[in-house]
Amino acid sequence: SYDVSQGNQELKWTYTKDAYFTEGADCAWIDYIILPPHTVATSINNQTVDLNEFKTSVYPNPATDIVNVLIQAPESEMFKAEIFTITGIKVKTVFENRNIEKGNNIISFNISDLPNTYYIIVLTSDSKQITHKVSVNK
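Here the sequence shown stands for residues 751 to 888, where the numbers follow my numbering.
Warning: the hint list may mix true and false statements.
Quick list of in silico lysine-lysine cross-link-like pairs, BS3-like style, CA-CA up to 25 angstroms [stated by the list, open to error]:
1. LYS888 - LYS842
2. LYS888 - LYS852
3. LYS830 - LYS842
4. LYS883 - LYS762
5. LYS830 - LYS878
6. LYS878 - LYS805
7. LYS842 - LYS883
8. LYS840 - LYS852
9. LYS830 - LYS852
10. LYS842 - LYS805
11. LYS852 - LYS878
12. LYS805 - LYS830
13. LYS883 - LYS830
14. LYS840 - LYS878
15. LYS805 - LYS852
16. LYS883 - LYS840
17. LYS840 - LYS762
18. LYS840 - LYS805
Hints in this document: simulated from the structure, not taken from any laboratory.
Work out the full structure: start from the sequences and follow the hints.
This is how it looks when you write it as structure tokens:
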């Protein structure tokens with residue numbers, strides 16, 4: 751057992767095959783690795799937005815009960831947001847015909863009713879479709 755201090759660490763493990771087994775039956779395992787809990791940044795600070803570009807992001811990811819979608823829009827546009835399973839089955843419609851204003855928009859919605867797994871959030875307008883993969887992990 752080795753304690754590792756907080757921060758970024760690089761761990762190197764080497765293995766030298768001995769001559770006891772010559773046909774590959776010699777093995778090694780690295781097991782029982784416990785990583786400490788981590789935090790996910792959930793704020794946006796001092797960002798410069800190029801209003802000629804359309805950008806989106808989803809946070810936190812993984813999520814437990816609320817998902818936030820940041821939309822940086824160069825112009826106002828109507829959107830629909832839906833959530834799908836990885837296999838393409840629609841789980842829910844989050845909103846339809848919602849006006850996304852020019853500039854920064856943060857839309858939050860509840861996912862506490864969804865079981866733990868990966869989902870695809872799909873944002874659709876008349877001119878574009880944006881997808882984000884999100885993990886629900888409670």
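Hint check results:
Only pairs whose Cα atoms come within 25 angstroms are accepted, and LYS888 paired with LYS842 is accepted, the gap being roughly 19 angstroms. With a C-alpha separation of about 34 angstroms, the suggested pairing of LYS888 with LYS852 is violated against the 25 angstroms cut-off. A distance of roughly 11 angstroms separates the Cα atoms of LYS830 and LYS842; the hinted pair therefore holds under the 25 angstroms criterion. Our distance criterion of 25 angstroms between C-alpha atoms is broken by LYS883 and LYS762, whose separation comes to about 31 angstroms.
Distance hint between LYS830 and LYS878 is fulfilled; the C-alpha atoms sit about 11 angstroms from each other, no more than 25 angstroms. With a C-alpha separation of about 12 angstroms, the suggested pair LYS878 and LYS805 falls inside the 25 angstroms cut-off, and the hint holds. With a C-alpha separation of about 15 angstroms, the suggested pair LYS842 and LYS883 falls inside the 25 angstroms cut-off, and the hint holds. Pair hint LYS840 plus LYS852 does not hold up; C-alpha atoms about 28 angstroms apart against a cutoff of 25 angstroms.
A hinted pair counts as satisfied when its Cα atoms are at most 25 angstroms apart, and LYS830 with LYS852 qualifies at roughly 16 angstroms. Distance check on the hinted pair: LYS842 and LYS805 sit about 23 angstroms apart at the alpha-carbon level, within 25 angstroms; holds. Taking the CA atoms of LYS852 and LYS878, the gap is near 15 angstroms; set against the 25 angstroms cutoff, the hint holds. The suggested pairing of LYS805 with LYS830 holds, with an alpha-carbon distance near 16 angstroms, which does not exceed 25 angstroms.
Simply put, LYS883 and LYS830 have alpha-carbon atoms about 16 angstroms apart, close enough for the 25 angstroms limit, and the pair holds. Taking the CA atoms of LYS840 and LYS878, the gap is about 19 angstroms. The hint holds against a cut of 25 angstroms. For the suggested pair LYS805 and LYS852, the alpha carbons sit about 12 angstroms apart, so the restraint of at most 25 angstroms is met. A C-alpha spacing of about 14 angstroms is found between LYS883 and LYS840, which places the hinted pair at or below 25 angstroms, so the restraint holds.
In summary, the hint linking LYS840 to LYS762 is not supported, as the alpha carbons are separated by about 44 angstroms, beyond the 25 angstroms threshold. Restraint check: the Cα-Cα separation between LYS840 and LYS805 comes to about 24 angstroms, which is no more than 25 angstroms; the hinted pair holds.
Checked against the numbered hints given earlier, this structure breaks hints 2, 4, 8 and 17; the rest are met.
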